[in-house]
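Fit chain B to the supplied structure of chain A, relying on the hints for placement.
Here's the letter readout for the chains.
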Amino acid sequence: MQQNDIYDVLIVGLGPGAITAAIYSYRKRAKALLIGKDFGGAVLVSGEIENWPGEVHTDGIQLSQKFEQHVKKYCTDISCFDQSLVTKIEREGNLFRVHNEHGKSYVSRTVIYATGRKPKQLGVPGEEQYRNKGVSYCAVCDGPLFGDKEVAVIGGGNSALEAILMLTKIASKVTAVNINPQFKGDEIYIQQLPKLANVEVVYDGVTAEIRGDGKFATGIVVQHKDTKKTREFPAKGIFVEIGSLPIIDPVKDLGLELNAYKDIVVSRNCETNIPGFYAVGDVTDVRDKQIVVAAGMGCTAALSAGEYLVKSSS
Amino acid sequence: MAALDIPAILPGMKHVTIYTTPTCGFCAMTKKYFQENNVTYMEKDVSKDFNAAQEMIGKSGQMGVPVIVVGDGAGEETLIVGFNRPRLAQALGLKG
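Line by line, the protein sequences are chains A and B. In the numbering used here, each residue carries its 1-based index in the first sequence increased by 945. In the numbering used here, each residue carries its 1-based index in the second sequence increased by 16.
Chain A with its partners taken away, still in its complex shape:
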C-alpha cells in the first residue's frame, strides 16, 4: 500500500456530528474522507427544528440540505467523499480499514464514527406484518397520509410528543399510548397536550398487539401495566416512537467499550478505548442526544484526531 493511499481521517456518517468533523478536517487540510448514505442522518426526518443556533425556525429537510451545501464547499469529488453505507470497520495494525456496501475499502490512520441511531421496534404481534401498511417509524414522513383518520402514537419521550402534536393537526383522533405514568420531554410540548381536543392519552399502557384486516393495520390492543385490562383502539396509522438503538453493526468486532445500552463509551475528547478511533453524537454514551451536541462533538473529535496524528507521526 502506498503511503498516499492512506487517509488521515475517515469520517463515517452524514449527520451533524459527521458533517462538523468533516468541515473541521477539510479546513485543516487533513487528507479526509467523509462516507455515509443520507445527508442529515436523523435530522432528515426531524420535522420542525427550533433549537439550532442561528435558525429561529427550520426543518429537517432544509437543515440537511444546508449540511450538504456546507460540506460540498470543501469537497466535491470522490477523493474526499463517498456517498455509500459503511458495512464493516476493522483494524490493520495501527490503521483502520473501512468497507462500504459496494465492496470498496479505504485505509485510514483515524476514524470518527458518527452513525447515529435507528428506531427501536415494539416486538409485538402484527408489527412486522403491518410495517409500512399502517405501522410507521417516521411520523414526519408518513403522518400527512392519515388526514381525517384515527391514528395512534406509541411512546413517552420527545419524539412521541412531537408526533402527537404534528398528527393532532392532521388526524381525526390521536390515541397516545405511554407505558409510563407521565411524559418525559420538553415542557413546551407537554404543556400543550391537555389543550388538544382530539388526543386521548393512555398512561401505563403496554401495546400488546397490532391488529389488521390482512392488508392494512386497523388498530392496537393496549394492556394496562397494573390492572392487565386490555382495550382496543381503532387506528389506521400507528406511529412507533419508543426510542432508538445505536448503529454499531459495522464496529461490532472492533472491541469498542460499550455501556449497558450498547452506546459507545467516549471521553470528553470523544476518544474511545481504541487509540485513533473516535465516536460522536447519538451513537455514543453522551447524555443529550441533540443536533447541537452532536455537532459540538464532531468539532472535538476532529481536533482530537488532528492532535493524535501529530503525536503519532513525531
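Among the hints, a few may not be true.
Quick list of simulated restraints, FRET-style, between CB atoms [claimed, not checked]:
#, chain 1, residue 1, chain 2, residue 2, range
1, B, LYS64, A, GLN1136, 25 to 33 Å
2, A, ASN1214, B, LEU110, 38 to 46 Å
3, A, ASN1214, B, GLU92, 54 to 62 Å
Partner residues aside, some chain A positions facing chain B, computed with beta carbon under 7 Å [said to hold, decoys possible]:
#, residue
4, LEU989
5, VAL990
6, ILE994
7, TRP997
8, GLY1005
9, ILE1006
10, ASN1077
11, LYS1078
12, ASP1087
13, PRO1089
14, LEU1090
It should be emphasised that the hints constitute simulated quantities derived from the structure, not laboratory data. Since the model is a prediction, treat every value here as computed from it, not as a measurement. Glycine residues also receive a C-beta, built at the ideal position from the N, C-alpha and C atoms.
Relative to the frame of chain A, chain B by itself:
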C-alpha cells in the same frame, strides 16, 4: 428542473411519477436526485390528493413515502418504495 404538472410523454420515453408528502425528507432527497440528473418527473402530494393516495396504496400495497413509479413508455412500470439510489439509477438508466 422543476416538477411538471403535465409531463410530455413521448413513445419510448421513460416517465416518472413520485408520490410524496411535504414533510418527508427522503421525498426531498429523491426529487433532488431527479433534478441533479435532469430527470423530468410528475409529483403527486398524497397528503392533499386523496385519489393520488389511493392510487399509491393500490400500486405499492403499502403506505410509506416516497413511492416512485418509472414507466418505460411501452407499458412496463418499475415501482420503487423509498429513496433507493442504485435502484433508481437502474430504472432510469443512469450512472449510480
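Now the hints, each set against the structure:
Here the CB-CB span from LYS64(B) to GLN1136(A) is close to 30 Å, well matched to the stated 25 to 33 Å. For ASN1214(A) paired with LEU110(B), a C-beta distance near 43 Å keeps the hint of 38 to 46 Å intact. Between ASN1214(A) and GLU92(B) the Cβ separation comes to about 56 Å, which falls inside the hinted range of 54 to 62 Å. Taking 7 Å as the C-beta contact cut-off toward chain B, the hint placing LEU989(A) at the interface holds, the least distance being around 4 Å.
Interface restraint check: VAL990(A) against chain B, minimum CB-CB distance 5 Å, threshold 7 Å, status holds. The criterion of a C-beta within 7 Å of any C-beta in chain B is not met by ILE994(A), whose closest approach is roughly 12 Å, and the hint is violated. The closest approach between the C-beta of TRP997(A) and any C-beta of chain B is roughly 15 Å, which is over the 7 Å cut-off, so the hint fails. For GLY1005(A), the interface hint holds, since its Cβ comes within 7 Å of a Cβ in chain B; the closest pair sits about 5 Å apart.
Because the closest C-beta pair between ILE1006(A) and chain B is about 4 Å apart, less than 7 Å, the hint holds. Because the closest C-beta pair between ASN1077(A) and chain B is about 4 Å apart, less than 7 Å, the hint holds. For the restraint placing LYS1078(A) at the interface with chain B, the shortest Cβ-Cβ distance is roughly 5 Å, inside the 7 Å limit, so the hint holds. Checking ASP1087(A) against chain B by beta carbon gives a least distance of about 6 Å; that is within 7 Å, so the hint holds.
A hinted interface residue such as PRO1089(A) counts as satisfied when its beta carbon comes closer than 7 Å to some beta carbon of chain B; here the least separation is about 3 Å, so the hint holds. Restraint check, LEU1090(A) versus chain B: the minimum CB separation of about 6 Å is within 7 Å; hint holds.
Comparing the model with each numbered hint stated earlier shows that hints 6 and 7 do not hold.
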